[in-house]
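Protein chains in written order, with the numbering used here: chain A, 20 to 219; chain B, 12 to 277.
It is worth saying that the hints were derived from the structure and are not from the lab. From a predicted model like this one, the values you see are computed outputs, not experimental measurements. Cβ coordinates follow ideal geometry from the N, Cα and C atoms, glycine included. Do not rely on the hints blindly, as some may be mistaken.
To give a feel for the contact side, a few chain B residues facing chain A, derived at Cβ under 10 Å [unchecked claim]:
1. Pro59
2. Val68
3. Leu74
Going by beta-carbon spacing under 10 Å, a handful of chain A positions derived as facing chain B [stated by the list, open to error]:
4. Ala79
5. His113
6. Ser199
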Amino acid sequence: MSDPIGTVPGRVVSAADAADRAVLDRIASGQLDALEDLYDRYRTMAYSIAYRITGDATLAEDVVQDAFLGAWRNAARYIEGRGSVKTWLLSIVHHRSIDAVRRRRPTTELPEREEAPPATLTVPDVWAEVAGNLARDAVRAALATLSDVQREAIELAYFGGLTQVEIADRTGTPLGTVKSRMRLGLLALRRELTCAEGTP
Amino acid sequence: MTCDEVRDLAAGFVLGALAPEDERAVRDHLETCPESHSEIAELGGVVPYLAESIEPVEPAAGLKARILAAAAADLETRPRGASTESGSAPVVPFPVGRAPASTRGIAPSGWVLRIAAVLAVVVLGGWNLLLQGQLRDAQAYDEGVAAVLEVASRPGSQAAILADPDGDGPRGIAAVAADGSVVIAMRDLPATAGTEVYEAWVIGGDGVPVPIGDFAVGADGVAVFTADATPASAGVTLALTREPAPGATAPTLPIVSAGVATSPPS
Numbered sequence: 020m021s022d023p024i025g026t027v028p029g030r031v032v033s034a035a036d037a038a039d040r041a042v043l044d045r046i047a048s049g050q051l052d053a054l055e056d057l058y059d060r061y062r063t064m065a066y067s068i069a070y071r072i073t074g075d076a077t078l079a080e081d082v083v084q085d086a087f088l089g090a091w092r093n094a095a096r097y098i099e100g101r102g103s104v105k106t107w108l109l110s111i112v113h114h115r116s117i118d119a120v121r122r123r124r125p126t127t128e129l130p131e132r133e134e135a136p137p138a139t140l141t142v143p144d145v146w147a148e149v150a151g152n153l154a155r156d157a158v159r160a161a162l163a164t165l166s167d168v169q170r171e172a173i174e175l176a177y178f179g180g181l182t183q184v185e186i187a188d189r190t191g192t193p194l195g196t197v198k199s200r201m202r203l204g205l206l207a208l209r210r211e212l213t214c215a216e217g218t219p
Numbered sequence: 012m013t014c015d016e017v018r019d020l021a022a023g024f025v026l027g028a029l030a031p032e033d034e035r036a037v038r039d040h041l042e043t044c045p046e047s048h049s050e051i052a053e054l055g056g057v058v059p060y061l062a063e064s065i066e067p068v069e070p071a072a073g074l075k076a077r078i079l080a081a082a083a084a085d086l087e088t089r090p091r092g093a094s095t096e097s098g099s100a101p102v103v104p105f106p107v108g109r110a111p112a113s114t115r116g117i118a119p120s121g122w123v124l125r126i127a128a129v130l131a132v133v134v135l136g137g138w139n140l141l142l143q144g145q146l147r148d149a150q151a152y153d154e155g156v157a158a159v160l161e162v163a164s165r166p167g168s169q170a171a172i173l174a175d176p177d178g179d180g181p182r183g184i185a186a187v188a189a190d191g192s193v194v195i196a197m198r199d200l201p202a203t204a205g206t207e208v209y210e211a212w213v214i215g216g217d218g219v220p221v222p223i224g225d226f227a228v229g230a231d232g233v234a235v236f237t238a239d240a241t242p243a244s245a246g247v248t249l250a251l252t253r254e255p256a257p258g259a260t261a262p263t264l265p266i267v268s269a270g271v272a273t274s275p276p277s
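The following block holds chain B by itself, in its conformation from the complex (with noise of 0.2 Å):
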């Protein structure tokens, strides 16, 4: 790219308005090139001031638990001293293999809730560094198991272990806090295709699915969810579905993944 082409690309440059190849282009010219290219300060000195027109939106009071989390998760995966993994540790172990037959549908199994029990006293032990180590593979999934451990560990929340009532599909883990907030992280989900997504659902006492919200996955399988304000309460049973588009009110069976959130033993 000659100096002339930069300059006559510079305004879309400085305002991210240039399709991906021109952009490299013109951002591997600035690099090398012995001009100062001084219309690029000049024009993009400007853009920053575009947002100051914006009207002020506040974020979801969450988020920042939620950053953090991921922050603290991310910090967990820098290289360090050796003395990080003992290698004795106890192992929690992710639910796998068939449930029994009786647990079709969303019913609890006995063993969902003994895993969620487990899970509780490890967030509650302070074991959540250990293990987020077990899940490293997966960064995406890492970040989300530490946001669902951060809403779990706060005072009157419930942790729930997500599993394929039909056998050992996607899995995950979520937490509901005392406030009806749900952080649900979840792996090997099939991806989503077109409009398809997969819809979140809160089942409380009276058998009633309530639809709380709904997210697209890649190939990766990985999706973290959240959602403020839920009726999720004690005890509710969260349920996953996969829904020809976003919206349904009523689930499409079969439920791709569920569990029932319990409070730590005491």
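Just chain A, same shape as in the assembly (with noise of 0.2 Å):
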């Protein structure tokens, strides 16, 4: 992970994702003042994801614990060119957050998650350290133009821990169009954010 600034193939590092990588090898050697210094950086937005999708503060609370503990444990496992460091954690904090939710649904069978998101989970982000903040303004505005239905399957799954099954079973839609309404609303979620990132 010593990787300098912008040699990674087909992706451009910003400054605060480099910085983010140094303080992950840090915490890959044991180094607990990195742990904070990464917590310091994503607990409100780490949290803010894990109480928005569990809805109670105690779990989120302990969702957030326990993502920075995979992190802080698997730090060494982050791979390069997979995205940035932080969608890498955030995207521990919303498994977890999925998890926890359909652990309180007991008809639920649970995935087995491994410590950290596999690499197949945390997608290339191509223009997020680009675009570095999209304020979130824009995300809203780019989700308000979705339509209802798209947004509903999109938001049920992300926030809600729903499978595509059970969004189906819950809105009486059939199971291919509920596939195609994510489909559909993440491609038009990508064409906004990118109009977005272009007129700044």
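Taking the hints as your guide, dock the two standalone chains into a single complex.
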């Protein structure tokens, strides 16, 4: 994890991400103050995600603790070129939050989670670093351009922890329709955000 | 799973919305497939932005200390040189055995107070790593103990040994910080079922139990409970009861485990 800035093929590394990688290197070598740095930087976002998904302050704290400990133990497994450290960390938070919500639904089988999300789930966010911080308003505006049913499908999955099959059941919609709403919704969101990035 | 099936499930996959067996199958396929499956990146790249739309909420101030304490405990469990265990170090016993009949209920017994004092000395003496070492067989409990020790070592904090008033049942340790936050680490708790929970109570000088929160326990019998801004203060009794559902306003007897918070001897 010592690549100089900008050398990862196909991906521009921002200064913020380069700093995060340095922190992750220190975490991998067992430096507690580095974990503190990472926590200070992302605690609000991590907790906001966990709280939004679980709706329970205690559970959200447990999730965040679990996620940062996961990052602490698996920093060495962070894979170069697979998205920023921020994306990696927050995807751990998201997955743990979803697990926590599903655990409260006794009929739902839980996936066998690894300590960190598999590399295939930590997808490259090519313009995440280029765009810097897209304003919350911009993301909300982009979400608002989706059709109601597309937004519902995406939000029930991402924030509600429901599977596609469960969303189909709950909304009384054929499974194929749910899949296509999610796909078209994500593509539309991508289009909107790419435009937003081009017009700061 | 075929490439077409993976494409069909791609949106669900990047949103974490697949059934576990499908998620596994997609993941396995992606790890071995020669195709690039660019749809995963195309759809998944946008997912992190969903989190940006969330209204920011700050976590409780104590969470950072808990995480760092747990990480410190984790560090202690990692393999390292043989010099860490001397074998001749003093042993801090956990309370086992039957308490005198007169201690039935929530009243503190003398030995509980003595052990709490021993614990406090251990905390102040910086032997917490040794104590953790003895408890290494249960990592979850270990992390809880570390969190308790972290709070117990703060200025103005008190520590308590929690024990089963009737014998060698559930036991643990707790810390009460000067700001009223409480951390309890327990083990050997019978698992809760259905809506059952353990309720933690603070019993002050007026003898009135005040509920400070509840928690469920799994098959490992371990629980780490934290509560902020409770009415707990110096010399308070901490007690646990098993309740049929969350929200109890009066304890269902018997007391499962209890102890008195005491200050370290000066």
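So, His113/A near chain B? Judge it on the closest CB pair being under 10 Å.
At 7 Å from the nearest chain B Cβ, His113/A passes the 10 Å test, so the hint holds.
Chain B contact restraint for Ala79/A - C-beta distance below 10 Å
Result: holds, 7 Å to nearest chain B Cβ.
Hey, does the Val68/B contact hint survive, CB to chain A under 10 Å?
This hint holds: Val68/B lies near chain A, its Cβ roughly 5 Å from the closest one there, short of 10 Å.
Against chain B, with CB atoms and a cut of 10 Å, does the hint on Ser199/A hold up?
8 Å, holds
Interface hint outcome for Leu74/B [beta carbon to chain A under 10 Å]:
5 Å, holds
Holds or violated: Pro59/B as interface residue toward chain A, Cβ cutoff 10 Å?
For Pro59/B, the interface hint holds, since the closest Cβ of chain A sits about 5 Å away, which is under 10 Å.
Checked against the numbered hints listed earlier, the structure breaks none of them; every hint is satisfied.
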